[in-house]
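Chains as they are written, first to last, in the working numbering: chain G, 19 to 737; chain Z, 237 to 554.
Since the hints were derived computationally from the structure, they do not count as laboratory data.
Keep in mind that this is a model prediction, so the values were computed, not measured.
Among the hints, a few may not be true.
Derived lysine to any residue pairs resembling SDA-like cross-links, with alpha carbons at most 20 Å apart [what the hints assert, rightly or not]:
| no. | chain 1 | residue 1 | chain 2 | residue 2 |
| --- | --- | --- | --- | --- |
| 1 | Z | K244 | G | R182 |
| 2 | G | K186 | Z | V264 |
| 3 | Z | K244 | G | S92 |
| 4 | G | K463 | Z | L426 |
| 5 | G | K382 | G | K686 |
| 6 | G | K686 | G | G673 |
| 7 | G | K380 | G | S362 |
| 8 | G | K186 | Z | G270 |
| 9 | G | K104 | G | I118 |
| 10 | Z | K244 | G | K686 |
| 11 | Z | K244 | G | P386 |
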Amino acid sequence: MAETKEKSLSDEKPKPRVRPIVRLGIFLISHSFHVSVVCCTAGVLALFLLPVLAKNTYISENALMPGSASPMLSNQHVSDGNRLVKDLTNPNSKSSETGIESHKIIAQYMLDLGAEVSFHKFHPQMNQFHPLHFFSSPDSGKIQENYSCSSYGINTVGIIRAPRGDGKEAIVLVTPYNALKSGFGEALSLGIAYSVFSLLTQVTWLAKDIIWLVADSQYGEYAAVAAWLREYQTPKFSSLSAPNAEMCPDVNNLFELKGHSISGSKFSNSFRRAGTMAAALVLKVRDQNEQFEDTISIYAEASNGQMPNLDLINVVNYLAVHRQGLRVNVEKLWSLLNSSWLKSLGEIFESLAKVAKSLYPKWKFGIPATEYVEGTATLASSLYYQALGVPTGPHGAFRDYQVDAITLEISPKFSLDKVWRNDILLRGGRLIEGVIRSVNNLLEKFHQSFFLYLLTSPSKFVSVGVYMIAFALLIAPLPMVAASLYVDANSSSKRSKGDSSTPSAITDTDEHSIAIRSWRWLNSAKLVFIVHLWGAIVSLLPYFISQIPDCSPTTSFMIWVLLSILSLLTLNSVLASPLACAKATQEKEWALVKSVTISSVFIGLGLMSVINFATAEIGALLMVPMCLLAQPLKLDVRAGTLRSFCRMICNLVLGHIAFPPAAFFLLKGMLDGFGNANVGDFWMWVESLWAWNSATYLFIGMVQLPCWVLCISILFHTC
Amino acid sequence: MACNTRNKYPAQVFNNENHRLNLYGDNVEVDYRGYEVTVENFLRVLTGRHETAVPRSKRLLSDEGSHILLYMTGHGGDEFLKFQDSEELQSHDLADAVKQMKEKHRFKELLIMVDTCQAATLFNQLQSPGVLAIGSSMKGENSYSHHLDSDVGVSVVDRFTYYTLAFFERLNIYDNASLSSLFSSYNPSLLMSTAYYRKDLYKRRLEEVPVTNFFGSVMETIHTDAAYKALSRRNSGRFEDEMSLDQSVHHIERRMLIKVNDGYEIHDINPEGEEGASKCPWSTFRNKFQKAENVDSLVNYGLVAMIPLLVISTWLVQ
Numbered sequence: 019m020a021e022t023k024e025k026s027l028s029d030e031k032p033k034p035r036v037r038p039i040v041r042l043g044i045f046l047i048s049h050s051f052h053v054s055v056v057c058c059t060a061g062v063l064a065l066f067l068l069p070v071l072a073k074n075t076y077i078s079e080n081a082l083m084p085g086s087a088s089p090m091l092s093n094q095h096v097s098d099g100n101r102l103v104k105d106l107t108n109p110n111s112k113s114s115e116t117g118i119e120s121h122k123i124i125a126q127y128m129l130d131l132g133a134e135v136s137f138h139k140f141h142p143q144m145n146q147f148h149p150l151h152f153f154s155s156p157d158s159g160k161i162q163e164n165y166s167c168s169s170y171g172i173n174t175v176g177i178i179r180a181p182r183g184d185g186k187e188a189i190v191l192v193t194p195y196n197a198l199k200s201g202f203g204e205a206l207s208l209g210i211a212y213s214v215f216s217l218l219t220q221v222t223w224l225a226k227d228i229i230w231l232v233a234d235s236q237y238g239e240y241a242a243v244a245a246w247l248r249e250y251q252t253p254k255f256s257s258l259s260a261p262n263a264e265m266c267p268d269v270n271n272l273f274e275l276k277g278h279s280i281s282g283s284k285f286s287n288s289f290r291r292a293g294t295m296a297a298a299l300v301l302k303v304r305d306q307n308e309q310f311e312d313t314i315s316i317y318a319e320a321s322n323g324q325m326p327n328l329d330l331i332n333v334v335n336y337l338a339v340h341r342q343g344l345r346v347n348v349e350k351l352w353s354l355l356n357s358s359w360l361k362s363l364g365e366i367f368e369s370l371a372k373v374a375k376s377l378y379p380k381w382k383f384g385i386p387a388t389e390y391v392e393g394t395a396t397l398a399s400s401l402y403y404q405a406l407g408v409p410t411g412p413h414g415a416f417r418d419y420q421v422d423a424i425t426l427e428i429s430p431k432f433s434l435d436k437v438w439r440n441d442i443l444l445r446g447g448r449l450i451e452g453v454i455r456s457v458n459n460l461l462e463k464f465h466q467s468f469f470l471y472l473l474t475s476p477s478k479f480v481s482v483g484v485y486m487i488a489f490a491l492l493i494a495p496l497p498m499v500a501a502s503l504y505v506d507a508n509s510s511s512k513r514s515k516g517d518s519s520t521p522s523a524i525t526d527t528d529e530h531s532i533a534i535r536s537w538r539w540l541n542s543a544k545l546v547f548i549v550h551l552w553g554a555i556v557s558l559l560p561y562f563i564s565q566i567p568d569c570s571p572t573t574s575f576m577i578w579v580l581l582s583i584l585s586l587l588t589l590n591s592v593l594a595s596p597l598a599c600a601k602a603t604q605e606k607e608w609a610l611v612k613s614v615t616i617s618s619v620f621i622g623l624g625l626m627s628v629i630n631f632a633t634a635e636i637g638a639l640l641m642v643p644m645c646l647l648a649q650p651l652k653l654d655v656r657a658g659t660l661r662s663f664c665r666m667i668c669n670l671v672l673g674h675i676a677f678p679p680a681a682f683f684l685l686k687g688m689l690d691g692f693g694n695a696n697v698g699d700f701w702m703w704v705e706s707l708w709a710w711n712s713a714t715y716l717f718i719g720m721v722q723l724p725c726w727v728l729c730i731s732i733l734f735h736t737c
Numbered sequence: 237m238a239c240n241t242r243n244k245y246p247a248q249v250f251n252n253e254n255h256r257l258n259l260y261g262d263n264v265e266v267d268y269r270g271y272e273v274t275v276e277n278f279l280r281v282l283t284g285r286h287e288t289a290v291p292r293s294k295r296l297l298s299d300e301g302s303h304i305l306l307y308m309t310g311h312g313g314d315e316f317l318k319f320q321d322s323e324e325l326q327s328h329d330l331a332d333a334v335k336q337m338k339e340k341h342r343f344k345e346l347l348i349m350v351d352t353c354q355a356a357t358l359f360n361q362l363q364s365p366g367v368l369a370i371g372s373s374m375k376g377e378n379s380y381s382h383h384l385d386s387d388v389g390v391s392v393v394d395r396f397t398y399y400t401l402a403f404f405e406r407l408n409i410y411d412n413a414s415l416s417s418l419f420s421s422y423n424p425s426l427l428m429s430t431a432y433y434r435k436d437l438y439k440r441r442l443e444e445v446p447v448t449n450f451f452g453s454v455m456e457t458i459h460t461d462a463a464y465k466a467l468s469r470r471n472s473g474r475f476e477d478e479m480s481l482d483q484s485v486h487h488i489e490r491r492m493l494i495k496v497n498d499g500y501e502i503h504d505i506n507p508e509g510e511e512g513a514s515k516c517p518w519s520t521f522r523n524k525f526q527k528a529e530n531v532d533s534l535v536n537y538g539l540v541a542m543i544p545l546l547v548i549s550t551w552l553v554q
């Protein structure tokens with residue numbers, strides 16, 4: 019193999035000593051099989067070790083000082099909040115069909131506190147797939163379609179100016195509110211926000227302005243927040259949409275009424291702004307709750323796996339646990355909690371840690387098995403939501419403008435008496451107050467703590483430096499195997515030729531043929547390129563399919579599959595035909611194809627790990643074994659040994675699993691049960707991916723799908 | 237800083253939770269604040285190398301007869317003191333600046349007081365004669381804040397600073413306390429660290445040096461016969477009247493506030509939030525606000541608590 023080649027080279031002319039790094043490279047390449055087995059196993063193992071390696075979170079930014087000031091929110095503020103809750107849940111306020119009454123009430127309450135108030139009306143924007151809008155910042159120019167007056171939302175915005183501040187910075191508090199069918203929870207969240215707001219109008223220590231956004235969630239929470247943010251960050255100077263909305267009588271009516279009843283106050287028709295946003299909190303209260311404790315759930319994932327600064331989560335976690343006695347939750351994959359294999363894995367790690375500790379008392383890395391299972395479930399959901407690339411709440415809209423934001427969902431243990439309501443208002447309000455006071459202390463942006471991390475519990479995290487190891491181990495064998503395959507294919511064909519030719523050997527023609535042979539990989543590269551081109555075409559197809567009116571998800575999916583196959587055949591016949599005639603001369607062609615495929619996968623995974631680590635990690639788990647194992651089935655059948663049989667089985671299984679739709683259904687089945695799987699689901703899932711500009715979509719279309727096709731073509735290679 | 241918007245009590249600074257003593261009097265001057273507080277500016281002030289446009293009020297106008305007190309606090313470590321988030325003053329820098337001052341006859345005696353973690357290490361490189369240095373903690377030790385004022389939301393004072401102030405509060409204006417009595421007043425169990433002083437460069441015996449050599453004192457003003465004879469006599473009279481140790485410095489020509497921002501360290505939050513708790517980072521975490529922070533950081537309470545003690549240059553004998 020490589021060694022023999024090395025040997026033959028050194029026979030030809032005595033060479034100076036090879037440098038150690040080159041030798042190491044040659045050693046690794048020649049032992050690529052063992053190296054790849056060791057690396058892949060270590061990579062998977064390292065992934066499962068992550069919950070054990072997780073560190074406790076700590077507040078990195080000195081200035082935050084959460085909880086060092088005693089809360090100032092008093093019962094007076096709570097009763098203010100209660101008053102608003104009562105007014106909003108009062109059936110009279112719901113009489114209006116558009117819910118304008120509720121907005122008026124909220125605005126009136128804000129005005130009474132002395133805050134600046136304005137209404138922001140917006141037309142909900144449908145997220146539409148456009149191939150050119152990936153990774154582009156949301157722009158204000160998109161709004162040009164003509165809207166009907168019936169569909170618009172009204173955000174109510176209240177701003178408190180910091181009395182001695184410079185007005186350059188602001189903290190945003192968002193409460194989604196659907197005036198048409200608001201539950202008690204939404205009213206309660208408004209009550210909490212209002213009690214904090216009323217406190218903040220009185221305090222002397224504000225250094226940042228406070229913006230309270232009551233987001234009209236009748237078209238979705240995200241859409242309302244995103245619309246407001248777009249207006250806030252990218253002002254329109256020659257806007258067509260503004261007069262559009264003004265023409266609607268309802269809206270005008272709203273403003274007239276306001277202007278009439280509260281003339282001379284701080285109400286304003288125009289869009290109000292404060293400074294740049296330091297942080298944003300989205301506050302929700304859940305209506306129903308099965309839990310026996312007051313808990314608070316933190317949602318942090320924004321688009322493409324971006325996370326807010328860990329310090330923000332730390333502050334909330336610290337205040338909720340140590341000051342307000344709330345239980346803090348982050349998302350978990352519940353199905354993993356009961357899995358027995360995970361539990362036994364945790365027990366193995368635990369006992370290993372015990373052994374290690376008995377050997378050397380300073381080694382303390384073990385965690386209890388139950389904690390391990392919970393950590394893994396949290397880590398898995400953290401990976402999953404980051405990999406999906408779809409924000410888990412309205413906070414995702416802020417991340418698009420580099421504002422750190424999280425969603426807090428309070429789920430109180432439910433009861434209807436007044437004491438309970440006051441208690442939740444007080445504790446929720448004090449939590450928000452504490453977080454705002456802490457962020458208010460911040461001098462610059464959040465920059466001290468981590469942006470790249472995975473959570474294993476609200477107070478434990480795995481930082482980028484640790485989780486990259488698992489990924490790096492997983493993809494490390496790829497270049498080695500690619501190199502070894504390339505060397506192998508070249509040398510074997512050379513050997514076979516050398517055997518057939520006369521021993522007089524090295525002639526001019528032979529050198530010429532060596533030169534030609536060493537460029538043979540270009541043929542394979544062409545094939546790989548064609549398949550990737552096809553992948554790009556497949557990724558673009560949904561744009562055209564979505565233009566077809568009245569198409570059910572299932573039919574859309576079918577059209578997509580058909581068109582994809584058709585385009586693959588066309589491309590193959592048009593561009594790849596020269597390959598067919600060249601094939602006869604190349605025995606080990608599949609090895610070269612595999613080599614180039616692996617290289618391209620390596621590049622794809624490497625690029626993706628920069629954009630969205632979680633996607634790359636999950637992709638690597640699927641694709642690396644498939645790429646490494648792929649070998650023509652014919653060869654395995656011919657060999658007939660147990661080993662080749664095993665490989666064949668693995669290949670077939672992986673070939674099924676790694677197909678993106680199959681992987682999707684498998685995952686969905688594992689999470690929700692296989693009962694209600696539907697072909698159209700995949701289409702809807704893909705639709706949601708591009709609607710959120712998720713890079714995962716591009717990854718699937720342009721890396722994973724081509725890789726799968728290439729591997730399948732290797733499996734069925736006629737050699 | 238007293239005027240920071242985050243201060244719940246605008247333009248007031250307290251040394252204690254009981255808010256009885258407002259340290260931010262009418263006559264406090266702050267010459268460098270916020271982002272002006274850099275290592276470069278600090279060294280410029282010490283060595284007197286300013287741009288020509290820098291006003292006299294922002295310079296240290298001292299000569300070979302001056303007694304200078306340099307009081308620094310913030311986030312320190314082994315042979316460094318953090319300034320802002322981005323830079324630090326190393327013990328070599330300090331020693332070099334002091335040496336330059338000596339060469340340029342900018343002081344006769346210099347007392348350096350440092351209240352940081354591992355404060356003693358900051359003096360390691362000093363070589364110039366006439367320098368006396370005291371730090372709040374030895375190498376490997378942390379300095380702690382005295383207590384958390386949960387009303388203001390910061391720890392307003394450090395232990396070392398607190399007990400220094402307490403020492404002076406105990407004196408009356410006629411006391412003739414010596415530096416050694418000040419130095420011996422630090423109780424390691426109260427400070428939770430060992431105050432360390434280095435006197436090998438200082439030739440006089442500490443028992444003989446009154447604290448008023450560096451801290452606000454009754455001054456003997458020598459005035460020349462001039463047109464303003466009457467006025468100057470009246471002034472000197474007023475000096476004597478108003479002289480008191482806790483309000484020490486208002487008669488002095490130059491006052492400087494050296495603010496140091498601490499900062500960048502990663503540390504655990506102590507969930508209990510007990511005062512003087514376990515770790516240095518924790519204490520600096522609180523101290524950060526109380527000492528020099530950024531331009532307007534409320535947190536400079538501790539610093540301002542030291543204002544009376546802060547760098548003073550006195551013209552003793554002309």
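Against the structure, the hints come out as follows:
1. Of the supplied pair hints, the one linking Z:K244 and G:R182 holds, its CA atoms being roughly 11 Å apart against a limit of 20 Å.
2. The straight-line distance between the Cα atoms of G:K186 and Z:V264 is roughly 28 Å, outside the 20 Å bound, and the hint therefore fails.
3. Proximity of Z:K244 to G:S92 is assessed by CA-CA distance (about 17 Å); at most 20 Å being required, the pair is judged to hold.
4. Taken as a hint, the G:K463 and Z:L426 pair is broken in the structure, with Cα atoms around 37 Å apart against an allowance of 20 Å.
5. A distance of roughly 37 Å separates the Cα atoms of G:K382 and G:K686; the hinted pair therefore is violated under the 20 Å criterion.
6. For a cut-off of 20 Å, the pair hint linking G:K686 to G:G673 stands: about 18 Å separates their Cα positions.
7. Straight-line distance between C-alpha atoms of G:K380 and G:S362 comes to about 25 Å, which puts the hinted pair past the 20 Å bound.
8. Note on G:K186 and Z:G270: the hinted pairing holds, with a Cα-Cα distance of about 17 Å set against a maximum of 20 Å.
9. Using a Cα cut-off of 20 Å, the hinted pair G:K104 and G:I118 holds, with the two alpha carbons roughly 17 Å apart.
10. For the proposed pair Z:K244 and G:K686, the alpha carbon gap of about 53 Å is over 20 Å, so the pair is violated.
11. Only pairs whose Cα atoms come within 20 Å are accepted, and Z:K244 paired with G:P386 is rejected, the gap being roughly 45 Å.
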